[in-house]
Amino acid sequence: MRRALGILALAWAGFAQAQTPPEATALLRKIYQATDKLSYTGIFVYTQGDKSETSRITRVAGEGGGVERVEVLDGPRREIVRTRDSVRCYLPESHTVKVERNDQRAFPALLPERVAELERNYTISRGAHKRIAGFDCESVTLTPKDDLRYGYRLWADVASGMLLKAETFNKKGSTVDQFTFTQLHIGSVPRERVRTREDARNWRVEDAAVTPANLAQSGWIVAGDLPGFRKVIEVRRKLGESRPAGQVVYSDGLAALSVFIEPKSGRAEAVRPGLSTRGAFHIYTREVANHIVTVVGEAPAASVQRVANTVVFRPPQ
Amino acid sequence: MVGVKEKISAMMDGELERFESAGALKALEDGGEGRESWRTYHLIGDAMRDTRVLSPGFADRVIARLKEEPTVLAPAFSAAGLRARPAARWSALAASLAAVAFVGWVAFLPEQEAARAPQVATVLPAAAPRVQPAADTMVAPPDTADDYLLAHQGYSPRNSFLGVAPYVRVSGDTEARRR
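Protein chains in written order, with numbering that gives the first Met the number 0: chain A, 0 to 316; chain B, 0 to 178.
Treat the hints loosely; a few may be bogus.
[Said to hold, decoys possible] What the simulated footprint calls covered on chain B by chain A, stretch by stretch (three residues with Cβ under 8 Å from a Cβ of chain A suffice, anywhere in the stretch; the number is not a length): (1) 22-35; (2) 155-168.
[Unchecked claim] Chain B is nowhere near these chain A residues, computed Cβ spacing over 12 Å in every case: (3) Asp49; (4) Lys129; (5) Thr142.
No lab work stands behind these hints, which were simulated from the structure alone. Just so you know, these numbers come straight off a predicted model, no measurement behind them. Heads up, the beta-carbon is just placed ideally off N, CA and C, and yes, glycines get one too.
All chains, full assembly: derive it from the sequences and hints.
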C-alpha cells in the first residue's frame with residue numbers, strides 16, 4: 000500500500016513538474032540572455048514601501064561580459080560601475096570607493112540552462128501582456144511553493160527580451176519592492192557613458208579582498224538547512240573599512256541569503272541582536288562564541304532567522 | 000483598603016508578604032485593570048533601566064504558547080526568589096562569555112595557523128553558549144547595514160536578470176554617518 004502511494008506521489012510530482020508551460024521557461028531564458036547580450040541606456044524607478052528613487056542605468060555589451068553603470072539621481076549622489084570582474088561603488092559625499100572583485104570561478108550567475116531548477120521551488124507561469132515605457136511586454140510569474148521565499152513577476156520586451164519591470168511579492172501577494180523602467184533605449188551606447196564621472200583619485204579605497212575559504216576548518220559550522228537552498232560560495236573578506244569577516248551565501252537560484260561571521264572585538268558600533276528590516280531585506284543578528292553573526296537576505300524573516308540559528312562554533316580539532 | 004494598583008506595585012518591588020500577594024495575583028489573573036497596571040509598571044521599570052521594551056502583545060503570545068504546552072508547571076511565586084534569580088543568571092552568563100572570549104579569537108586566524116592554535120575543545124560544550132535575541136524582538140538595522148548589503152549583492156542571482164540595478168539599494172548611509 001505504502002509503495003503504491005509512493006508511486007502515486009512520484010507520478011503526481013512528475014505531473015506537477017510537467018505543468019510548467021514551456022513558453023514560461025523559454026521567456027525566462029530569453030530575459031537572462033538579453034541581460035547578458037544587450038547594450039542599453041535608460042531611467043528606472045526603484046520602489047520599496049512608500050519610498051521610490053530614480054536612477055540612470057547604462058550598459059555596454061562586450062566580449063566576455065559587459066560594463067554597466069548606474070547613477071542614483073535622487074538624494075545623496077552615488078554611482079556603481081560593474082565590469083566582468085569587479086564592482087566599484089563611488090560615494091562622493093564621503094570620498095570613498097568600495098571595491099568588490101568577483102572571483103569568476105565562483106560567481107554564481109544563474110545560467111539559462113539552470114532555469115529548469117527553479118521549478119523545484121517555484122511554480123512558473125505566463126502572465127498578461129502589458130505596455131511599459133513604450134515597450135510591448137510579455138510576463139512570467141514565479142510563485143513560491145512554500146513560505147521560505149518571495150515570489151517574482153517579470154515583464155520583458157516581446158521583441159528583445161529586455162526586462163522592463165521586476166516585482167517581488169510576499170505570500171499575501173503584496174509587493175515587497177519593484178524596479179520599473181520609465182524610459183529605455185536599446186542599442187549601441189558610447190563607451191564613455193559607462194565610465195564614472197567622479198574624480199576618485201584621492202578617495203579612500205575600501206577593497207573587500209575576497210578570497211575563497213573553508214570556515215569549517217576554523218570551527219564555524221553553518222548548516223543553512225533551508226529547503227531548496229544550497230551553498231553557492233564561502234569566502235573570507237573585509238567589510239567596511241577593514242573588518243575581517245567570513246561570508247557564506249545560500250541560494251535557491253533566485254533568492255539568496257548571506258551569512259556573515261565577524262569577531263565582536265574591534266566593533267565600534269553598538270550591536271543590536273534581533274531581527275531588523277532594511278528595504279526589501281531582512282537582517283538577523285545574533286552572537287555566537289564572541290562573534291557577531293549577521294544573516295542578510297531578500298527573503299521572509301523566518302528564512303533569515305532559521306539560517307542564522309544554525310550557526311555554531313566548534314573549536315577546530 | 001489599599002487599591003489593586005498599589006498592591007501590584009508593592010508586589011513587584013518585593014514589599015508584600017506572601018499571603019498579601021494572593022490578592023494581587025488574583026487581580027492579575029482576572030485581567031482588566033490589574034493586568035494593565037502590571038504591564039504599565041513593568042514598562043516604566045524597563046524605561047528607567049533602559050531595557051528594550053518587548054513588542055506589543057508579547058504577554059498574550061506567551062500565554063497562548065503556554066496553553067499549547069503539554070504540562071504547565073506553575074512554580075510557587077516568591078518575590079525573594081525572583082530577585083535572586085537574575086543575578087545568578089547573569090553571573091552564569093558572564094562565566095560562559097569569558098570561556099567563549101578565550102576561544103573566539105581562534106576563529107579568524109588563517110586556516111593553517113588556526114590548526115596550530117592551542118586546543119581548548121575539551122573544556123567547552125559542543126555548542127558554545129551565546130546571547131540569543133528574543134524571538135520576536137524587532138531592532139533597528141545594524142549601523143553598518145550597507146556593508147552587508149553591498150557584500151551580499153555581488154552574489155545575488157537576481158543580478159542575472161536585473162544587472163547592476165539592485166545595487167541602488169546600497170544607500171551610502173553608513174558612509175554619511177562616518178564622516
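How the hints compare with the structure:
With 0 residues having a beta carbon nearer than 8 Å to a beta carbon of chain A, the segment 22-35 of chain B misses the requirement of three or more and the stated coverage is violated. Judged by the Cβ-Cβ criterion of 8 Å, the segment 155-168 of chain B is covered by chain A as claimed, because 14 of its residues qualify and three suffice. The claim that Asp49 (chain A) is not at the interface with chain B holds, since no C-beta of that chain comes within 12 Å of its own (minimum 16 Å). With a least beta-carbon separation of about 17 Å from chain B, Lys129 (chain A) lies farther than 12 Å from that chain, consistent with its non-interface assignment.
With a cut of 12 Å on Cβ distances, Thr142 (chain A) stays outside the contact zone with chain B, its closest approach being about 16 Å.
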